[in-house]
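Q: Protein chains in written order, with my numbering: chain A, 39 to 350; chain B, 39 to 350.
Just so you know, these hints were derived from the structure itself, not from any lab. Please read these numbers as outputs of a predicted model, since none were measured by experiment. It is possible that some hints are incorrect.
Quick list of in silico lysine-lysine cross-link-like pairs, DSS-like style, CA-CA up to 30 Å [unchecked claim]:
hint : chain 1 : residue 1 : chain 2 : residue 2
1    : A       : Lys177    : A       : Lys289
2    : A       : Lys177    : B       : Lys55
3    : B       : Lys196    : A       : Lys196
4    : A       : Lys289    : B       : Lys196
5    : A       : Lys289    : B       : Lys177
6    : B       : Lys289    : A       : Lys55
7    : B       : Lys55     : B       : Lys85
8    : A       : Lys289    : B       : Lys349
9    : A       : Lys289    : A       : Lys196
10   : B       : Lys349    : B       : Lys85
11   : B       : Lys85     : B       : Lys177
12   : A       : Lys289    : A       : Lys85
13   : B       : Lys289    : B       : Lys55
14   : B       : Lys349    : A       : Lys85
Every beta carbon over 12 Å from chain B, so not counted as near; a handful from chain A, in silico [claimed, not checked]:
hint : residue
15   : Lys85
16   : Ala142
17   : Asp333
Just the calculated beta-carbon pair ranges, DEER-fashion [as the list claims (entries may be wrong)]:
hint : chain 1 : residue 1 : chain 2 : residue 2 : range
18   : B       : Asp279    : A       : Asp60     : 21 to 29 Å
19   : B       : Glu306    : A       : Gly284    : 46 to 54 Å
20   : A       : Phe120    : B       : Asp279    : 16 to 24 Å
Every residue gets a Cβ at the ideal spot worked out from N, C-alpha and C, and that includes glycine.
There are 2 protein chains.
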Amino acid sequence: MRVTRSAICGSDLWPYKSMPHDDAGRRMGHEFIGVVDAVGSEVATIKAGDLVVSPFLWSDGSCVFCREGLQSECLHGGRYGFGDVDGGQGEAVRVPQADGTLVALPVGEDDALMPSLLTLADVMGTGHHAAIAANGPGKTVAVIGDGAVGLCGVIASKRLGAERIILLGSNPDRIALGQEFGATDVVRERGDGAVERVRELTEHGAHSVLECVGLEQAVETALAITRPGGAIGRVGVPEHDTTPTGVAFWKNASMGGGPAPVRAYIEELLPDVLEGRVEPGRVFDRTGSIEDVPDGYRAMNDREVLKFQIKP
Amino acid sequence: MRVTRSAICGSDLWPYKSMPHDDAGRRMGHEFIGVVDAVGSEVATIKAGDLVVSPFLWSDGSCVFCREGLQSECLHGGRYGFGDVDGGQGEAVRVPQADGTLVALPVGEDDALMPSLLTLADVMGTGHHAAIAANGPGKTVAVIGDGAVGLCGVIASKRLGAERIILLGSNPDRIALGQEFGATDVVRERGDGAVERVRELTEHGAHSVLECVGLEQAVETALAITRPGGAIGRVGVPEHDTTPTGVAFWKNASMGGGPAPVRAYIEELLPDVLEGRVEPGRVFDRTGSIEDVPDGYRAMNDREVLKFQIKP
Numbered sequence: 039m040r041v042t043r044s045a046i047c048g049s050d051l052w053p054y055k056s057m058p059h060d061d062a063g064r065r066m067g068h069e070f071i072g073v074v075d076a077v078g079s080e081v082a083t084i085k086a087g088d089l090v091v092s093p094f095l096w097s098d099g100s101c102v103f104c105r106e107g108l109q110s111e112c113l114h115g116g117r118y119g120f121g122d123v124d125g126g127q128g129e130a131v132r133v134p135q136a137d138g139t140l141v142a143l144p145v146g147e148d149d150a151l152m153p154s155l156l157t158l159a160d161v162m163g164t165g166h167h168a169a170i171a172a173n174g175p176g177k178t179v180a181v182i183g184d185g186a187v188g189l190c191g192v193i194a195s196k197r198l199g200a201e202r203i204i205l206l207g208s209n210p211d212r213i214a215l216g217q218e219f220g221a222t223d224v225v226r227e228r229g230d231g232a233v234e235r236v237r238e239l240t241e242h243g244a245h246s247v248l249e250c251v252g253l254e255q256a257v258e259t260a261l262a263i264t265r266p267g268g269a270i271g272r273v274g275v276p277e278h279d280t281t282p283t284g285v286a287f288w289k290n291a292s293m294g295g296g297p298a299p300v301r302a303y304i305e306e307l308l309p310d311v312l313e314g315r316v317e318p319g320r321v322f323d324r325t326g327s328i329e330d331v332p333d334g335y336r337a338m339n340d341r342e343v344l345k346f347q348i349k350p
Numbered sequence: 039m040r041v042t043r044s045a046i047c048g049s050d051l052w053p054y055k056s057m058p059h060d061d062a063g064r065r066m067g068h069e070f071i072g073v074v075d076a077v078g079s080e081v082a083t084i085k086a087g088d089l090v091v092s093p094f095l096w097s098d099g100s101c102v103f104c105r106e107g108l109q110s111e112c113l114h115g116g117r118y119g120f121g122d123v124d125g126g127q128g129e130a131v132r133v134p135q136a137d138g139t140l141v142a143l144p145v146g147e148d149d150a151l152m153p154s155l156l157t158l159a160d161v162m163g164t165g166h167h168a169a170i171a172a173n174g175p176g177k178t179v180a181v182i183g184d185g186a187v188g189l190c191g192v193i194a195s196k197r198l199g200a201e202r203i204i205l206l207g208s209n210p211d212r213i214a215l216g217q218e219f220g221a222t223d224v225v226r227e228r229g230d231g232a233v234e235r236v237r238e239l240t241e242h243g244a245h246s247v248l249e250c251v252g253l254e255q256a257v258e259t260a261l262a263i264t265r266p267g268g269a270i271g272r273v274g275v276p277e278h279d280t281t282p283t284g285v286a287f288w289k290n291a292s293m294g295g296g297p298a299p300v301r302a303y304i305e306e307l308l309p310d311v312l313e314g315r316v317e318p319g320r321v322f323d324r325t326g327s328i329e330d331v332p333d334g335y336r337a338m339n340d341r342e343v344l345k346f347q348i349k350p
C-alpha cells in the first residue's frame, strides 16, 4: 500500500535515544493510513484502491486470540519494522495478514478527518484500552500523563461516560487540549503532591486510573490515587518489571492493561470519528514530509511537539 | 452473643509463629457463629435469640463502601481482637455495628450444616472473592494452594461455571477433597515445573488464576500461568509488597483482589449452603473445645490439620 499518512509515536523515541549508531539503520513507524496498490493471492476482503488504516500490530483476525478481541496476542501476528516487515514511516508498506489487519475507510485520502482517523492506528485505541482496562471507566477517572495517549484517554473516558476526569500533567498546551477533550480537573503536581491533590479532589481516590506514562513514579502515583475497589488501566510501557502492588492488595484495587489490541477497537471508535463526536486528531500539532521526519523526532524528543504527522 | 462455633484461620498462625511472649496475651479469632444474648439500644434488625454468623470484619452496612459491597473498606468498621473488640475464639463476643455486620441464619445452633455455615465467615467468601477478582471466573481456572481458601476457591469456581479447574497443591488429602469439590486436574509440581505442567494442560494458560497462598513463588507462578488477556484474583496475603508485574503487562493480564468483603457474599452463598449444593464445611477436619485450641494451632501449624473447628 502507498502510505498517505503516517506518524511518529512516543515509543519511536526509545530507539531514537538509545540505539547505537548503525549505517544500515532500521525501518521505523507503525501508525499509518494508505491506499492499497495490490493484494496477494490469498487476500479476500481488502482490495486494490481501498483507503485503509492499519493498527500498530498486524494480526490474522482468525486465531483464538483475535476472535476474542486480543489481536495483540495474535498467534500469527507481529510488529512493523522488524524482520522483513516494512515500517510505516516510508512511502509504501507491504502489510502481512491484510484481511485480518486492515480496516477500509469510507472517505477520500485527503479528507479533513485524516488526522483523527490516523489516531485509530495507535493512540486513540490505546487511550481507549486504558479506560477499558480501568474498568470501564468509573464515575471519577484520573488520567496520568498529558502525552497523546493520555489525552486520548481523556477522550475515551468522556466517551464512556465518566462524570469527572482529572488530568495529571504539567504542559500548559497539552492540559488546555485535555480540558477541551473533557478533563474537568487538572493536577499539575507530581509524586506526593499529586497524590495529596487527587485525595483533596476525590476524598477516597479515583474509581479508574489510566496510567499513560509507564515511569516508576507514575505507576506509584496510580497505585496511590486509586480508590479502594477501583482499577488501574496501564498502557504506559513499564519502566520497571516490578510494581509495589501491596498497596493495591490491601485496598482491593486491580491493575490491568498492556499493549492495546487497537484492531479490536477501530470499528467501535470509527463512527464517532467519522461523525466528529471525538477529535483525537487534534493531538497532531505538526505535520511534515518524509524529509522532515528526522526533525520531527528531534522536536518530539525535545517536547517541542506533542505528536508529529507525516504526509509522505 | 454466645459463640456456638468458631474456627482457627490460617492467618491466626502468623502471630502464633511470630508474636513475642506476652503474659497478657491477646484476643484471637474472627470466624464465628453464635446466639445473640442482648443487643444495644441502637440495634434495629438483629435481636436477642437470633443465631447469627459474623464475617471476619465488622462493618456498618451503610457507608459508601458498604453500599458498594466493599465492606472490607467500611469507614466505621474494623477487625476482631484489636483494641477493645473481642475475638471469636472465646465463649462470647460483643459485636460492634451488629446490624451491618451480622446475618441471621434460619437453622438451629446444632444443625448439621453448621461447619459449612461457619465457612461463610471467611474461607468460603474469600475463595469466592478470588474467583470474582479473577474475572468471574473464566472457562479454565487454576487455583494455587490446597489450603482451606484454595479449596473454597475450587468450590466457587465450579459454582460460577468454570469448565476446567486445575488445582495446584501437594497434600494428597487436600487434593482428594479438591477433586470432590470440582477440581478436574491436579498439578503437584511447584515453581517452573508447575508452570510447565499448566502450559501442557492448557496450551496458553488459565483464563482465571486464583492465588490463595501469598508467598512470592505462588504469585510468580500465578503471573506465569495466566493466559494472555486473563486475570489473577489474589487473596493470599502477599509475602512481598512488590510484584513482578512486567510479565502481566506484556500479555494484558490483570491482577486484582485483596481482603475479601465476605459480608457482601453471605446472602449470595447462603442458599447454596442451606440446600447442600456446596459443602465448604468439609474443610474442617478436626473439632475441639476451647481447651483444645492451643493444640489446634499446633496441629494446623504442623499441617497435620487442614482447618480446626471450635465448639466452645
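Q: Are the Cα positions of Lys289 (chain A) and Lys349 (chain B) separated by 30 Å at most?
A: The hint is violated at about 33 Å.
Q: Assess, step by step, whether the Cα of Lys289 (chain B) is no farther than 30 Å from the Cα of Lys55 (chain A), and give holds or violated.
A: Holds - the C-alpha atoms of Lys55 (chain A) and Lys289 (chain B) are around 26 Å apart, at most 30 Å.
Q: Hey, Lys289 (chain A) versus Lys85 (chain A), does the alpha-carbon distance stay inside 30 Å?
A: violated, 52 Å
Q: Sort out whether Lys196 (chain B) lies within 30 Å of Lys289 (chain A), counting only the CA atoms.
A: holds, 27 Å
Q: For the pair supplied as a hint, Lys177 (chain A) and Lys289 (chain A), confirm whether the alpha-carbon distance does not exceed 30 Å.
A: OK: Lys177 (chain A) and Lys289 (chain A) at ~18 Å, within 30 Å.
Q: Is the Cα-Cα distance between Lys349 (chain B) and Lys85 (chain A) 30 Å or less?
A: Cα-Cα ~76 Å, so violated.
Q: Is the nearest CB of chain B more than 12 Å from the CB of Lys85 (chain A)?
A: Consistent with the label, Lys85 (chain A) stays out of reach of chain B, its closest Cβ about 31 Å off (over 12 Å).
Q: Between Lys289 (chain A) and Lys196 (chain A), is the straight-line Cα distance small enough, at 30 Å or below?
A: Holds: Lys289 (chain A) and Lys196 (chain A) sit about 26 Å apart, inside 30 Å.
Q: For the pair supplied as a hint, Lys55 (chain B) and Lys85 (chain B), confirm whether the alpha-carbon distance does not exceed 30 Å.
A: violated, 38 Å
Q: Checking a non-interface call: every C-beta of chain B should be farther than 12 Å from the C-beta of Asp333 (chain A). Is that right?
A: holds, 32 Å
Q: Does Ala142 (chain A) really sit off the interface, with its C-beta more than 12 Å from all C-beta atoms of chain B?
A: holds, 27 Å
Q: Take a quick look at whether Lys289 (chain B) and Lys55 (chain B) sit within 30 Å of each other, Cα to Cα.
A: violated, 38 Å
In this structure, the hints that do not hold are numbers 2, 3, 7, 8, 11, 12, 13, 14, 18, 19, 20, in rising order.
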